[in-house]
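Novice: So you can see what is in the structure, the chains are spelled out below.
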Amino acid sequence: MLLPWNATAIYFADRPSRLESFLHGTPRQIEGLLVRSLLETTQGKLDAALSDIDEVIRAMPNFKLAYLVRGDLLQAKARQISGFGSAPNAPRDEIADFQDEARVRLERYLSREDAPAQPDYLWQLDEAQRHAIVVDTNKSRLYLYRNDHGQPRYVADYYVTVGKNGTEKQSEGDKKTPIGVYFAGKQLERKKLPDMYGTAAYPLSYPNEWDKHRGKNGHGIWLHGTPSNTYSRPPRASDGCVVLTNPDISSLAPVLQDGSTPVVIVGNNPVSQAALKAERERLMGAMEQWRRDWETQNTEDYLARYSRDFFSEGKNFKAWADEKRRIQQSKSATSIQLSNLSVFRYPDGQQQMAVVSFDQDFKSDRLNSHMRKRQYWILEDGQWKILYEGAV
Amino acid sequence: MTRLRTPLLSLLLFAALGFPLVSHADELKDISQLMGQEQYSQALDKVNAYLAAHPKDVAAQFLKGVVLAEQNKSAEAIKIFTDITEKHPELPEPYNNLAVIYAEQGQYDKARISLEKAIKTHPSYATAHENLGDIYAKMASDAYDKALQLDRSNSRAQTKLMLVKELFSRSAVVASSGVPAKPTPTPVMPTLSSPVVAVAPSQPPAPPAVNPPLQSAVVAKAEEPAKPKVEPVQASADKASSKDKAPDATSMTVEKSKSVTAKEEAKVSKEDQSKNNAQEALLRAVHGWAKAWSARDVDAYLAYYAKDFKTPNGESRSEWEKMRRERIRKPASIQVEVLNPKVSIDGNHATIAFKQSYRAGINSMRTSKTLVFVKMGEKWLITQELANH
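Residue numbers (my numbering), protein chains in the order written: chain A, 1 to 392; chain B, 1 to 389.
Worth flagging that the hints you see were computed from the coordinates, not collected in a lab.
Because the structure is a prediction, the values reported are computed rather than measured.
Some clues are possibly wrong.
[Claimed, not checked] Lysine to any residue pairs mimicking SDA-like chemistry, simulated, CA-CA at most 25 angstroms apart:
| id | chain 1 | residue 1 | chain 2 | residue 2 |
| --- | --- | --- | --- | --- |
| 1 | A | Lys45 | B | Glu104 |
| 2 | B | Lys291 | A | Glu55 |
| 3 | B | Lys146 | A | Asp126 |
| 4 | A | Lys77 | B | Pro331 |
| 5 | B | Lys146 | A | Glu55 |
| 6 | A | Lys331 | A | Gly349 |
| 7 | A | Lys363 | A | Gln80 |
| 8 | A | Lys45 | B | Lys375 |
| 9 | B | Lys330 | A | Pro88 |
| 10 | B | Lys117 | A | Ala96 |
| 11 | B | Lys110 | A | Ala59 |
| 12 | A | Lys77 | B | Asn48 |
| 13 | B | Lys375 | B | Lys330 |
| 14 | B | Lys120 | A | Gln80 |
| 15 | A | Lys45 | B | Ile113 |
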């Protein structure tokens, strides 16, 4: 029986203990059994594989991939197997979908990362953000982190389905999943939800400020569940949404009920960890310098922190600079405090960017204001510059 | 060879195993004969009467189970076979027959367990292995349906129907061959001439190397309960085309069978050498036709039909060809065997009556069929295809 994962399965053979720990992670139990069944299949242990897949089906009676695997195992016993998805007259594209699903689920297990880390996007979490999510569209995986004194700690990860046509959403109806930093809003009212969205749906803040500035459009990019007739969907099948199984989206309900959980959706842009750490420090430094220049009303140094491509609620750099120069002429005594800071590295393939959010307390003899602010920073010629600034 | 073995067929193995069938041969022979003629209620009466006198006769109990199964009295048949397995756990046939009934009811897990028990008693019991393979394939098909949500509702219903008829009523069904049943003016199907129990474990035709003689004997009879002589398609096709080859066991059998056929067929005059040639040509044609069908080689298959072939429902030739093409291409595999062909020749016209064993996946059935041929040039082509009841 020729299966595409034959080679990697050898790797598993000498590390059986990993599978045991894999099996006991809560959201992964079903997937763990499926993976074990697949691995047993590649080792020719058909009866063990069949027994495991039957356990999966007992637990999730609408898991289509599990049925396909069961079909293959039975065909193998009937000596009529021709490869993965041996169903006679099966639509080949559907089989390819199942094969992809089996592959990504298996690869998740076979990956050497013991604690699957994507937190290099989560540079700083603020106090209110109890959790943060990273969706790796390449691996069809959603990683959940909890906030440990501002630093992300891995909790769990889940299989997800993303856009039929891949990522980098540009426009309405392109069936692509956006890449960027978003926030999941409050759960949509369930009564109004058609079955295809499963048991729960949370809207994402696509398009964000940067998306809009670049003319990206479309709407209704959600995190949601699966229709009742299936446990899971193929890795690439949605209209752009990030789709979880119903049990998984339910298990995320306590996390997502915050109504502002950061969701960083990433594509394929590997970056060296060491370089990232340095950039994070430099960005933090640049922010502090920006705050101090503003506090001391050192307007020209302050404005030097802004990119020439700066945009803000209808203003470009010139309009922004003119206004700041006018207001800050008097150089009145000013105090500026930033708190509740969150920093996310932006998953942009072309440039180094970051999204920061903070509470800003501005006090001068003329004005006291408190507001939540968001900035997009961009690395230009080795300097972190502000690309966007606005109220949240 | 790999279709689900029916209870009746297993009876043969039962007899072949030397169970005391022979000692009461006459009475049980009568019962078997009645069964062969599908007179099940009479057969049941007789077997009940026999069992009243010989309540512990396992062979008679088994026979009763078979009769009940043939009558679709599944619960009663299951009870009898279960009783036999309890008293004689060493016998594989009751397990096998239980499995066939369970499979018929869609209880594949039970069928599987039962077959595994049969194999446990006799690890080389080929029938049980074949049936088990079919059960797995059927279970796989169910699993695939759930995975792919294929709409097989139509074909599923059809499958069941065909299985019922095949397993228990043994009447001619042609649904899966795509040719609607059509009564023929004269019954061509020969009546059962020899009772099944009288069949001695005789010369097996081309036994698989791994099978012990006993099983082969069963296989041989399973092909054609009414006749001890069997022509597997391949063997007889080979034979027909290579008469001069060194006679091996297979060709001996075929040879014998052919001469029997020829003798029985009054219309074929032995003296008429040209008719013998024609007979050979016709046999070649019918086996070639079955072979093309089995190979799902539609073009070769259609080439056996005359231009003026009388389509079964009077549809146009192209419509009929289209339908045939679809039906033949659809299953992953097809096995068609022509059993016991009888040739009648009248000038440039001829008929071949035979039993057709058809199998596609788990669907299998036995049909009595008559092909009407016309000679066009050197070739015999089919002008009509009739299913007999």
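Novice: Between B:Lys120 and A:Gln80, is the straight-line Cα distance small enough, at 25 angstroms or below?
Specialist: holds, 23 angstroms
Novice: Has the given pair, B:Lys110 with A:Ala59, been kept, meaning a C-alpha gap of at most 25 angstroms?
Specialist: At roughly 22 angstroms apart (the allowed maximum being 25 angstroms), A:Ala59 and B:Lys110 satisfy the hint.
Novice: Hey, B:Lys117 versus A:Ala96, does the alpha-carbon distance stay inside 25 angstroms?
Specialist: Cα-Cα ~38 angstroms, so violated.
Novice: Given the hinted pair B:Lys330 and A:Pro88, is their Cα-Cα distance within 25 angstroms?
Specialist: Measuring from Cα to Cα gives roughly 9 angstroms; hence the hint holds.
Novice: So if I understand the rule, the pair passes when the alpha-carbon distance is 25 angstroms or less; does B:Lys146 with A:Glu55 pass?
Specialist: holds, 16 angstroms
Novice: Given the hint that A:Lys331 pairs with A:Gly349, test it: the Cα-Cα distance must not exceed 25 angstroms.
Specialist: Answer violated: A:Lys331 to A:Gly349 is near 40 angstroms, above 25 angstroms.
Novice: Take the C-alpha atoms of A:Lys45 and B:Glu104, compute the straight-line distance between them, and say whether it is at most 25 angstroms.
Specialist: Not OK: A:Lys45 and B:Glu104 at ~29 angstroms, beyond 25 angstroms, violated.
Novice: Is A:Lys45 within 25 angstroms of B:Ile113, Cα to Cα?
Specialist: Roughly 19 angstroms between the alpha carbons, so the hint for A:Lys45 and B:Ile113 holds.
Novice: Given the hint that B:Lys146 pairs with A:Asp126, does the C-alpha gap stay at or below 25 angstroms?
Specialist: Status violated; Cα separation ~46 angstroms.
Novice: Within a Cα-Cα threshold of 25 angstroms, do B:Lys375 and B:Lys330 meet the stated pairing?
Specialist: Violated. B:Lys375 to B:Lys330 sits at ~31 angstroms, over the 25 angstroms cutoff.
Novice: Has the given pair, B:Lys291 with A:Glu55, been kept, meaning a C-alpha gap of at most 25 angstroms?
Specialist: violated, 43 angstroms
Novice: Under the criterion that the straight-line Cα-Cα distance not exceed 25 angstroms, is the pair A:Lys45, B:Lys375 satisfied?
Specialist: Judged against 25 angstroms, a Cα distance of about 57 angstroms means the pair is violated.
When the structure is compared with the earlier hints, violations turn up for hints 1, 2, 3, 6, 7, 8, 10, 12, 13 and for no others.
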